[in-house]
Amino acid sequence: MAQSNQAMLEIRQVSKLFSGVAAVKEVSLSINKGEIFALLGGSGCGKTTLLRMLAGFENPSAGAIFIDGEDISQIPPHKRPVNMMFQSYALFPHMTVAQNVAFGLKQEKRYINKEIDDKVSELLGLVRMQDFAQRKPDQLSGGQRQRVALARSLAKQPKVLLLDEPMGALDKKLRSQMQLEVVDIIEAVGVTCVMVTHDQEEAMTMADRISVMHEGEIMQVGTPSEIYEFPNSRHTAEFIGSVNIFDATLTELNPDYSRLSSTDLTAPIQVEAGINAPLGAQVGVAIRPEKIAMSRTQPNVTDNWLTGVVEDIAYLGGHSVYYVKLASGKRVMAMGTNNDRHEQKVTWQDPVYLHWSNTSAVVLYQ
Amino acid sequence: MSWGQRSVISVPYLWLTLFFLVPFVIVFKISFSEMAYAIPPYTELLSWADQQLTVNLNIGNYFYLFTDDLYVRAYLSSIRIAAIATVICLIVAYPIAYTIARARPATRNALLMLVILPSWTSFLIRIYAWVGILKNNGLINNLLMWLGIIDQPIAMLNTEFAVYIGIVYAYLPFMVLPLYTNLMKLDKSLLEAAADLGAAPWKVFMTITLPLSKAGMIAGSMLVFIPAVGEFVIPDMLGGAETLMIGKVLWQEFFNNRDWPVASAVAIVMLLLLLLPITLFHRYQARELES
Numbered sequence: 001m002a003q004s005n006q007a008m009l010e011i012r013q014v015s016k017l018f019s020g021v022a023a024v025k026e027v028s029l030s031i032n033k034g035e036i037f038a039l040l041g042g043s044g045c046g047k048t049t050l051l052r053m054l055a056g057f058e059n060p061s062a063g064a065i066f067i068d069g070e071d072i073s074q075i076p077p078h079k080r081p082v083n084m085m086f087q088s089y090a091l092f093p094h095m096t097v098a099q100n101v102a103f104g105l106k107q108e109k110r111y112i113n114k115e116i117d118d119k120v121s122e123l124l125g126l127v128r129m130q131d132f133a134q135r136k137p138d139q140l141s142g143g144q145r146q147r148v149a150l151a152r153s154l155a156k157q158p159k160v161l162l163l164d165e166p167m168g169a170l171d172k173k174l175r176s177q178m179q180l181e182v183v184d185i186i187e188a189v190g191v192t193c194v195m196v197t198h199d200q201e202e203a204m205t206m207a208d209r210i211s212v213m214h215e216g217e218i219m220q221v222g223t224p225s226e227i228y229e230f231p232n233s234r235h236t237a238e239f240i241g242s243v244n245i246f247d248a249t250l251t252e253l254n255p256d257y258s259r260l261s262s263t264d265l266t267a268p269i270q271v272e273a274g275i276n277a278p279l280g281a282q283v284g285v286a287i288r289p290e291k292i293a294m295s296r297t298q299p300n301v302t303d304n305w306l307t308g309v310v311e312d313i314a315y316l317g318g319h320s321v322y323y324v325k326l327a328s329g330k331r332v333m334a335m336g337t338n339n340d341r342h343e344q345k346v347t348w349q350d351p352v353y354l355h356w357s358n359t360s361a362v363v364l365y366q
Numbered sequence: 001m002s003w004g005q006r007s008v009i010s011v012p013y014l015w016l017t018l019f020f021l022v023p024f025v026i027v028f029k030i031s032f033s034e035m036a037y038a039i040p041p042y043t044e045l046l047s048w049a050d051q052q053l054t055v056n057l058n059i060g061n062y063f064y065l066f067t068d069d070l071y072v073r074a075y076l077s078s079i080r081i082a083a084i085a086t087v088i089c090l091i092v093a094y095p096i097a098y099t100i101a102r103a104r105p106a107t108r109n110a111l112l113m114l115v116i117l118p119s120w121t122s123f124l125i126r127i128y129a130w131v132g133i134l135k136n137n138g139l140i141n142n143l144l145m146w147l148g149i150i151d152q153p154i155a156m157l158n159t160e161f162a163v164y165i166g167i168v169y170a171y172l173p174f175m176v177l178p179l180y181t182n183l184m185k186l187d188k189s190l191l192e193a194a195a196d197l198g199a200a201p202w203k204v205f206m207t208i209t210l211p212l213s214k215a216g217m218i219a220g221s222m223l224v225f226i227p228a229v230g231e232f233v234i235p236d237m238l239g240g241a242e243t244l245m246i247g248k249v250l251w252q253e254f255f256n257n258r259d260w261p262v263a264s265a266v267a268i269v270m271l272l273l274l275l276l277p278i279t280l281f282h283r284y285q286a287r288e289l290e291s
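Residue numbers (the numbering used here), protein chains in the order written: chain A, 1 to 366; chain B, 1 to 291.
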């Protein structure tokens, strides 16, 4: 990935209030040149407001935004070195594909018509839409519209490209194809990109780094695998993928391992390394379903196991998710891959044992 | 189509047949008769005598319209006045509609109400009120003279200027409402996209808002232009003797000259003249609906 550690976009302590209510609270982020950065969160988490502040459609109530070292907080949208691909694409319905792509270039006096034509056909080539230059947007399919919208937002070679729910208007199958295609184009151009999405799969597929937002605040920033494997809060752990979270009390603290007990479990939970909390602290312990192994016989371990009854099975083809009900009533998810077609599978109401290694569990302090 | 659907659709059709098509056919018929001193004051098209059915089609009324240049001048002047008034209406109504469409929902309803409110008073009374405002010792002249800006009243009443004031005033809501509806439908993200791509606010307006409101402008213009061409009350009350409009000519033919056949021919020709813009409008609308 073509990125250096030079910051292209700096968001410093930015807040946005809408009639007294904070939609974005003191957000600070630094986004590197050439990086694809995703703002991920549910609806109303402030991600779209933050993106609109980058585009200039909203002004920050406090804080500042720097692009390439220049404070752009007070610059109107039409003078910012930033272009956006809108969720609905916002293609101009009365213009052809070529006119749409040329629109941004025509706003600058420095181009002559020939240059604009050349640039437009180059951009349409980049998104493989040369043959549709004279079509109107309503004569295009969803995927084609998205390509045109992307070409239009890249036409002025922005310093930062903004994508608002880039796959929001596409169906599932087209979505996964376009995700990779859009990333290929963005990386070929080398533009720094900030995208907003509520779809964790989309963020993980497309972005180099993800920032998880919740109620106007940034919960965690990291690469997709950091966010998934090392969530720092219950919210992040639950938002990204499926997870089992146990309420636990810290009972044993050693430099290279620690033990916790949970009222849901008979066996203690053991985690590698020490925990940054005093004995007796109440914490959460998160274990991803695919890190849990299932067996019919009791595993030969003292820690990190539980037993229960299979209550539900979600057969998903490649793998199945088993919902195991514990004596305490809590349900635990465990994943099993279906790699043997003739395997004697675990079925409903079967008593099973679940266990995991001491590297699997993540301690959540908040 | 079910019986219920048929009966629902038949009501407006029946209405239009009774009150539009039948009178139109009668007028069309009269336009081919001759004037007579009788009741009604025209000859019958069909006569029956000595076992002979005679059809008397008099197309002289139509030729007559082109021998006296009064009629041609009246048509041209009506179209010119209606066209200029429509353009003024468009220029005045656009900012009004734009502001209403951009206003907050609560304000929007109040502003819309203000546009419609004047039509709750009788049309005739409102036009008559303009006589009081525009006449030589009327509101405007008295005010200007009292302020010492002028020492002779400006002649406004009984001029074409007064007719423009009247038409623009009376037909403004018919321009504002379709424009407003059109501008409300405009997707705000298109405006943001244009700004995002570097277009300054006035450029956004010229390249996005204005072209996309074309349908509203055409609809509003038709709603103003078509009735304005045949307008009688406004030129009669505000335009005085020197303003020549076809509505007034029609009135004079019917009521002063009692020449129903010529008056009918005048009405038919006016309809034919208006048919052109109406057809163009419908064709445009059909195309808009398709896309």
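These are calculated hints, taken from the structure and not from any lab test.
There could be a bad hint or two in this list.
Derived DSS-like pairs: lysine-lysine, alpha-carbon spacing no greater than 27 Å straight-line [claimed, not checked]:
hint: 1; chain 1: A; residue 1: Lys-119; chain 2: A; residue 2: Lys-173
hint: 2; chain 1: A; residue 1: Lys-25; chain 2: A; residue 2: Lys-106
hint: 3; chain 1: B; residue 1: Lys-188; chain 2: B; residue 2: Lys-203
hint: 4; chain 1: B; residue 1: Lys-203; chain 2: A; residue 2: Lys-119
hint: 5; chain 1: A; residue 1: Lys-159; chain 2: B; residue 2: Lys-185
hint: 6; chain 1: B; residue 1: Lys-203; chain 2: B; residue 2: Lys-214
hint: 7; chain 1: A; residue 1: Lys-156; chain 2: B; residue 2: Lys-135
hint: 8; chain 1: B; residue 1: Lys-248; chain 2: B; residue 2: Lys-135
hint: 9; chain 1: B; residue 1: Lys-248; chain 2: A; residue 2: Lys-106
hint: 10; chain 1: B; residue 1: Lys-29; chain 2: A; residue 2: Lys-159
hint: 11; chain 1: A; residue 1: Lys-172; chain 2: A; residue 2: Lys-119
hint: 12; chain 1: B; residue 1: Lys-185; chain 2: A; residue 2: Lys-136
hint: 13; chain 1: B; residue 1: Lys-188; chain 2: A; residue 2: Lys-79
hint: 14; chain 1: A; residue 1: Lys-109; chain 2: B; residue 2: Lys-248
Only a predicted model underlies this, so the values are computations on that prediction, with no experimental measurement involved.
Query raised in the report: Is the straight-line distance between the alpha-carbon of A:Lys-119 and that of A:Lys-173 27 Å or less?
Result: 31 Å, violated
Query raised in the report: Are the Cα positions of B:Lys-248 and B:Lys-135 separated by 27 Å at most?
Result: Within the cut-off at roughly 21 Å; holds.
Report task. Measure nothing beyond the straight line between the CA atoms of B:Lys-188 and A:Lys-79; if it is 27 Å or shorter, mark the hint as holding. Result -> Holds: B:Lys-188 and A:Lys-79 sit about 19 Å apart, inside 27 Å.
**Report entry** Given pair status - A:Lys-136, B:Lys-185, alpha carbons within 27 Å
**Finding:** 19 Å, holds
Query raised in the report: Does A:Lys-159 lie within 27 Å of B:Lys-29 when you go C-alpha to C-alpha?
Result: 74 Å, violated
Query raised in the report: Taking 27 Å as the top limit, are the C-alpha atoms of A:Lys-159 and B:Lys-185 close enough?
Result: Violated. A:Lys-159 to B:Lys-185 sits at ~33 Å, over the 27 Å cutoff.
Query raised in the report: Between A:Lys-172 and A:Lys-119, is the straight-line Cα distance small enough, at 27 Å or below?
Result: Between A:Lys-172 and A:Lys-119 the Cα gap is close to 32 Å, so the pair fails against 27 Å, i.e. violated.
Query raised in the report: Within a Cα-Cα threshold of 27 Å, do A:Lys-109 and B:Lys-248 meet the stated pairing?
Result: Violated, at roughly 54 Å.
Query raised in the report: Given the proposed pairing of A:Lys-25 with A:Lys-106, does the C-alpha separation stay at or below 27 Å?
Result: Since the Cα atoms of A:Lys-25 and A:Lys-106 sit roughly 37 Å apart, the hinted pair is violated (cutoff 27 Å).
Requested in this report: Take a quick look at whether B:Lys-248 and A:Lys-106 sit within 27 Å of each other, Cα to Cα.
Outcome: 52 Å, violated
**Report entry** Agreement of B:Lys-188 and B:Lys-203 with the hint, judged by alpha carbon distance not exceeding 27 Å
**Finding:** With a Cα-Cα distance of about 15 Å, the restraint between B:Lys-188 and B:Lys-203 holds, given a limit of 27 Å.
Report task. Given the hint that A:Lys-156 pairs with B:Lys-135, test it: the Cα-Cα distance must not exceed 27 Å. Result -> 60 Å, violated
In this structure, the earlier hints numbered 1, 2, 5, 7, 9, 10, 11 and 14 are contradicted, and the remaining ones agree with it.
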